[in-house]
Amino acid sequence: MDLSFTDEELAFQAEVRTFLEKNLPADVKDCYSRGIHVPKEGQERWQKILNDQGWLAPNWPVEYGGTGWSAAQKYIFAQEMGRAAAPPPVPFGVSMVGPVIYTFGTQDQKDYYLPRILKSEDWWCQGYSEPGSGSDLASLKTSAVRDGDDYIVNGQKIWTTFAQYANLIFCLVRTNPDVKAQEGISFLLIDMETPGITVKPIIGLDVEHTLNEVFFDDVRVPVANRIGEENKGWTYAKFLLGNERTSIARIAESKLRCEHLRAIAATEKMNGGLLQDDTDFMRKLTRIEVDLMALEYTELRMLSKISRGETLGAEPSLLKIKGSEIQQRLTELLVESLGMYGAAYEALEVRGRRNDKNFAPDYAHGPMAEHLYLRAATVYGGSNEIQRNIISKMVLGL
Amino acid sequence: MDFELSEEQVLLKDSIDRFVLDNYGAEDRLKLSQSELGFSRDHWKIMAELGWLGMAFSEDVGGFGGGAVETMIMMENMGRGLVLEPFVSTVLLGGALIAEVGTDAQIEAIIPAVIEGNMMLAFGYAEAQSRFNLNDVETTATKSGDGYVLNGTKAVVYHGGTADKIIVSARTGGASRDKDGISLFIVDSNAAGVDIRSYATVDGQRAADIRMENVSVGTDALLGDESAAAPAIEKIIDQATGALCAEAVGAMSAANELTNEYLKTRKQFGVPIGKFQVLQHRMVDMYMEAEQSKSMSDMVAMKLDMAYEDDTRKAVSAAKAQIGNAAKFVGQQSIQLHGGMGMTDEYSIGHYFKRLTTIEMLFGNTDFHLNRFSNLS
Numbered sequence: 001m002d003l004s005f006t007d008e009e010l011a012f013q014a015e016v017r018t019f020l021e022k023n024l025p026a027d028v029k030d031c032y033s034r035g036i037h038v039p040k041e042g043q044e045r046w047q048k049i050l051n052d053q054g055w056l057a058p059n060w061p062v063e064y065g066g067t068g069w070s071a072a073q074k075y076i077f078a079q080e081m082g083r084a085a086a087p088p089p090v091p092f093g094v095s096m097v098g099p100v101i102y103t104f105g106t107q108d109q110k111d112y113y114l115p116r117i118l119k120s121e122d123w124w125c126q127g128y129s130e131p132g133s134g135s136d137l138a139s140l141k142t143s144a145v146r147d148g149d150d151y152i153v154n155g156q157k158i159w160t161t162f163a164q165y166a167n168l169i170f171c172l173v174r175t176n177p178d179v180k181a182q183e184g185i186s187f188l189l190i191d192m193e194t195p196g197i198t199v200k201p202i203i204g205l206d207v208e209h210t211l212n213e214v215f216f217d218d219v220r221v222p223v224a225n226r227i228g229e230e231n232k233g234w235t236y237a238k239f240l241l242g243n244e245r246t247s248i249a250r251i252a253e254s255k256l257r258c259e260h261l262r263a264i265a266a267t268e269k270m271n272g273g274l275l276q277d278d279t280d281f282m283r284k285l286t287r288i289e290v291d292l293m294a295l296e297y298t299e300l301r302m303l304s305k306i307s308r309g310e311t312l313g314a315e316p317s318l319l320k321i322k323g324s325e326i327q328q329r330l331t332e333l334l335v336e337s338l339g340m341y342g343a344a345y346e347a348l349e350v351r352g353r354r355n356d357k358n359f360a361p362d363y364a365h366g367p368m369a370e371h372l373y374l375r376a377a378t379v380y381g382g383s384n385e386i387q388r389n390i391i392s393k394m395v396l397g398l
Numbered sequence: 001m002d003f004e005l006s007e008e009q010v011l012l013k014d015s016i017d018r019f020v021l022d023n024y025g026a027e028d029r030l031k032l033s034q035s036e037l038g039f040s041r042d043h044w045k046i047m048a049e050l051g052w053l054g055m056a057f058s059e060d061v062g063g064f065g066g067g068a069v070e071t072m073i074m075m076e077n078m079g080r081g082l083v084l085e086p087f088v089s090t091v092l093l094g095g096a097l098i099a100e101v102g103t104d105a106q107i108e109a110i111i112p113a114v115i116e117g118n119m120m121l122a123f124g125y126a127e128a129q130s131r132f133n134l135n136d137v138e139t140t141a142t143k144s145g146d147g148y149v150l151n152g153t154k155a156v157v158y159h160g161g162t163a164d165k166i167i168v169s170a171r172t173g174g175a176s177r178d179k180d181g182i183s184l185f186i187v188d189s190n191a192a193g194v195d196i197r198s199y200a201t202v203d204g205q206r207a208a209d210i211r212m213e214n215v216s217v218g219t220d221a222l223l224g225d226e227s228a229a230a231p232a233i234e235k236i237i238d239q240a241t242g243a244l245c246a247e248a249v250g251a252m253s254a255a256n257e258l259t260n261e262y263l264k265t266r267k268q269f270g271v272p273i274g275k276f277q278v279l280q281h282r283m284v285d286m287y288m289e290a291e292q293s294k295s296m297s298d299m300v301a302m303k304l305d306m307a308y309e310d311d312t313r314k315a316v317s318a319a320k321a322q323i324g325n326a327a328k329f330v331g332q333q334s335i336q337l338h339g340g341m342g343m344t345d346e347y348s349i350g351h352y353f354k355r356l357t358t359i360e361m362l363f364g365n366t367d368f369h370l371n372r373f374s375n376l377s
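Keeping their order, the protein sequence lines are chains A and B. First residue of the first sequence? That's 1 in my numbering, and the numbers climb one at a time after it. First residue of the second sequence? That's 1 in my numbering, and the numbers climb one at a time after it.
Okay, chain A solo, but in the shape it has when bound:
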């Protein structure tokens, strides 16, 4: 057991740090450090810079464009990204469908889609949830019926993040309604330009447009766009969710928020002194910092397991639960740190033309947006209650 980094790892850390200092665009950094979604153009510009360096998809196998890094290197990279306030790639391509394609896809699918993900030529979205199928995902009803070399898809997906930007959607569809729910699902890759697809925005409680409904009305999808076998989609879907949960803890970002909070507490005035003199406030922050440290070392233990070739049990669920709770506590405390300026909220101003009206301290623009958006953190990716069900079944055998 040893926590220290080798000289090579320290050199790698310096390399990553220097690269980020030189190459992370200032506008992207500013947005992300506030907890605001980076606009599509900025996100794609940044992803291209990362990909030119070969660092867009560290977790992919080398043959498909991964880095071949050790677990320690991946950890260092994630820490440095967080430290620099560098947004990770949009997850739908790199972290979600990419691994499904290289693990279960055909050679043609790998050859076509994987390079396009790396070059940010495609923007993917995730067609999982339906109006009647949330936590009980396997009950989904969107149907795909064979017609020659095509499927005809009919139904509706919901809560589809960034569908308005996406040109591709990976979709769970029902190909057999007569068997056990999990055994009649297939996994399709669908072009969003296909006739019959309609995207309708859902304005979130943050008064932002990140969510959508996606309607399928006799949409023709080539059978060649199916991943793996027909009716085996649930296996691929679960594989994807497991990957999603490991990246969902967002520890490096939360560390950045803690530092940000300490800086605000050293600036905000209170009772003739500073917010940081308030022991109740600082106690809340300290508790979060301690919990975050525990989560960080839990993730490191998990990475160490992966690098030894052990398979994971329910650890990703633990990371998801604890990571999302910490994110929510942090944004809540960030809002609290602003005093009454926590109430000011002009969504468009905050997003697009920040500080136009020149009110409130600069750091007050962002925390409420993130606080509102991250109420979803304990819901998405499988709600925290579903994660507890998973641990209960897989680890505790209850």
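In short, the hints are calculated from the structure, not lab data. Virtual Cβ for every residue (Gly too), placed ideally from N, Cα, C. One or more hints might be untrue.
Unchecked claim - Each computed EDC-like pair below joins lysine to aspartate or glutamate, with the alpha-carbon atoms no more than 20 Å apart:
hint, chain 1, residue 1, chain 2, residue 2
1, A, LYS305, B, ASP367
2, A, LYS284, B, ASP367
3, A, LYS74, B, GLU4
4, A, LYS305, B, GLU7
5, A, LYS40, A, ASP52
To be verified - Taking beta-carbon pairs under 7 Å as the criterion, some of the chain B residues facing chain A (in silico):
hint, residue
6, ASP2
7, PHE3
8, LEU30
9, GLN34
10, VAL69
11, LEU258
12, GLN280
13, GLN322
14, ASN375
Fit chain B to the given chain A structure using the hints.
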């Protein structure tokens, strides 16, 4: 970066597992804890023979050169069995202090005897008014002729009643709570003027209040430099705190296993109570607390094996704060999920709860360590 145990470490873990399995059945432990002594000298002999008492000492003082990771492995497994022998008091506190700042003569006189199991130690650092502040020392040591005269009372000295020698902190200068002016002395437990009032603690162990009235000691009793003991005290208490975290991890994992098993066997409304989602989720929360604690315990052991600096102090306080919270939660919920059975003295879950409760207090409770962490940030 590596979280794996070496082969030797796995062997160490297995041997302690075996010891606990052979000697620490719930009934055996209960009997032992209620005996006059409160632990077993035969166990102590076994621990010496297996080399555990010398594990943490460096090779130049006759030990086996193990580090904080080896200590963590031992303590975690002792925690699973709620082991009662004065390992922390003798080896990790008293012995470690002597190895850290003792003269060659002091080391030669004490450490080999400790390693062989022939001498027990205790460390009196706390006083009635000090709570968890290690620098809040009112016991005085006044220079007198060839030595010192000690006056004052040390509070809740774990295993003070069975120790052959007691190390006490006393003030040779400065005002109470000053960092400067604190010295350490090695006091024979049967020295004139030493009054030891031994009592049981709720976790089945023993502690003592030790009153010293004009106790004369020679200059050879001074441990480390005069008036400059505070850094060594802080370091050794931090190391012991790391070890205590590991003990808590062992106790929590054992408590969770017992509770999980109970959920699978206890039936109400015609089904095992583990079928109820509210209890499943509670058990998951207990499991997560124990896992987070294990991560912190591993982390702090590895940090204690690196240079001792502010980052180490922060790590110790973070671990103790997290584990203090977790210990309370797991202990209390274990009782809740056991229902009436959890309230009996006969069934072992209550003993885990009681030890976890004292672990939360020992070497500074959760609030103390949250403050310390924050002040170091």
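Checking hints one by one. Is GLN34(B) an interface residue toward chain A, by the C-beta closer than 7 Å rule? violated (33 Å)
LYS74(A) paired with GLU4(B) [C-alpha distance capped at 20 Å]: holds (18 Å)
Quick check on the hint: LEU30(B) CB to chain A CB, less than 7 Å? violated (28 Å)
Given a cut of 7 Å on the nearest C-beta pair, is the interface hint for ASN375(B) held or broken against chain A? violated (9 Å)
Should the hint that ASP2(B) touches chain A count as held when the rule is a Cβ pair under 7 Å? It holds, given that the least Cβ distance between ASP2(B) and chain A is near 5 Å, below 7 Å.
Could you check if VAL69(B) really has its C-beta closer than 7 Å to a C-beta on chain A? Holds: closest Cβ of chain A sits about 5 Å from VAL69(B), inside 7 Å.
Does GLN322(B) pass the interface hint, meaning its C-beta sits closer than 7 Å to a C-beta of chain A? Hint holds; GLN322(B) Cβ to chain A Cβ min 5 Å, cut 7 Å.
Going straight from one Cα to the other, do LYS305(A) and ASP367(B) come out at no more than 20 Å? violated (33 Å)
When the nearest CB of chain A is found for GLN280(B), is that gap smaller than 7 Å? Hint holds; GLN280(B) Cβ to chain A Cβ min 4 Å, cut 7 Å.
Is the interface hint satisfied for PHE3(B)? The criterion is a beta-carbon contact with chain A at less than 7 Å. The hint holds - PHE3(B) has a Cβ within 7 Å of chain A, the shortest such distance being about 4 Å.
For the pair supplied as a hint, LYS284(A) and ASP367(B), is the alpha-carbon distance within the 20 Å limit? holds (11 Å)
Verify the interface restraint on LEU258(B): the C-beta must sit less than 7 Å from at least one C-beta of chain A. It is violated, given that the least Cβ distance between LEU258(B) and chain A is near 13 Å, above 7 Å.
In summary, the structure is inconsistent with hints 1, 8, 9, 11, 14 from the numbered list given earlier, while agreeing with the others.
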